[in-house]
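Colleague: Sequence:
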Amino acid sequence: MSPTVVYGIQLPVQSQSTLYAEPWEAAAGPDDLLAVARTADAHGFDYVACCDHVAIPRRLAGAMSTVWYDPVATLAYLAAATERVRLLSHVAVVGLRHPLVTAKAYATLDHLSGGRLVLGVGAGHVQEEFEAVGADFAGRGGVLDETIDALRAALGPEEYPEHAGERFAFRDLGQRPRPAQDRVPVWVGGSSPAAVRRAALKGDGWLPQGDPRDRLAGQIAKLRRLRAEAGIEAPITVGAITEALYVGEPGWDTGRRALTGKPQALAESLRAYGAMGVAQIQVRFRSRSRTELTDQMAAFATEVAPHL
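Read in order, the letters of the sequence shown correspond to residues 49 to 356 in the numbering used here.
Note that these hints are calculated values from the structure, not bench results. Among the clues, some could well be false.
[As the list claims (entries may be wrong)] Taking lysine to aspartate or glutamate pairs in the EDC-like style, the calculated list, with each CA pair at most 20 Å apart, reads:
1. 250 to 230
2. 152 to 197
3. 152 to 206
4. 152 to 207
5. 310 to 343
6. 250 to 193
7. 270 to 252
Starting from the given sequences, assemble the full structure and let the hints guide the process.
Modeller: Here you go:
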């Protein structure tokens with residue numbers, strides 16, 4: 049029997065890449081974000097997630113759009129309107145900011161939300177964005193490695209955290225409020241060899257970047273092998289992003305890769321993730337309106353999730 053798998057959702061509206069945004073999101077705003085977050089909170093979703101980009105260059109704007117809400121501001125806004133759902137940055141491009149700046153923002157978010165933060169981090173990929181803020185694009189992998197170490201210290205229990213590294217060093221600098229959690233979970237995003245290694249050696253969780261099912265099992269095996277070779281015995285939360293879903297028969301074109309149909313059939317398909325060792329799935333739904341999305345979320349939670 050496959051293990052129980054929890055489910056979370058990347059919020060609509062807050063990022064509008066043409067790869068996944070639905071047409072209705074273009075005219076949506078804060079009220080829609082609130083409605084979706086409250087639906088997730090009420091229906092057992094493990095987390096709601098928000099992306100991170102500071103600025104998008106014109107050459108990429110056609111595909112990526114320029115709509116990227118700030119994750120800390122967005123998740124803090126939603127924290128006040130929800131009670132239990134966790135708040136995930138998927139992913140924070142932490143190399144764009146000094147670790148103490150990142151720690152101040154996310155420690156405050158964890159404090160205000162009563163300990164609901166999951167800090168997802170990634171290397172980033174937009175060169176002009178790094179250059180605009182004076183960050184190191186070419187060396188972003190090494191920057192991320194050290195930043196994770198610095199954030200472990202800066203998000204720990206100490207009022208005066210300490211870190212001494214190649215790029216960053218701080219001590220005798222107090223930061224309060226401290227996070228509500230004793231240890232803020234850090235999930236590492238990305239599917240490149242470097243990202244998988246980073247997740248294995250430094251992460252509490254791994255957020256694959258859309259690995260198809262036929263590739264995911266091998267990636268998970270590699271992750272666990274690297275972790276075992278390093279002598280790391282602590283558990284790691286392995287994630288996956290599912291195919292687009294629609295509970296029931298849509299009656300409209302949801303795309304050939306979308307999974308549609310009866311709840312039991314969807315659950316049977318999704319249980320394959322748990323069999324691979326996935327502990328959390330990020331579900332995404334095809335929808336033509338906010339109401340259709342929240343209806344889909346409720347249908348998934350009541351009719352599909354109990355069979356996961």
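Colleague: Just pull the numbers of the violated hints for me, sorted ascending.
Modeller: Failing hints: none at all.
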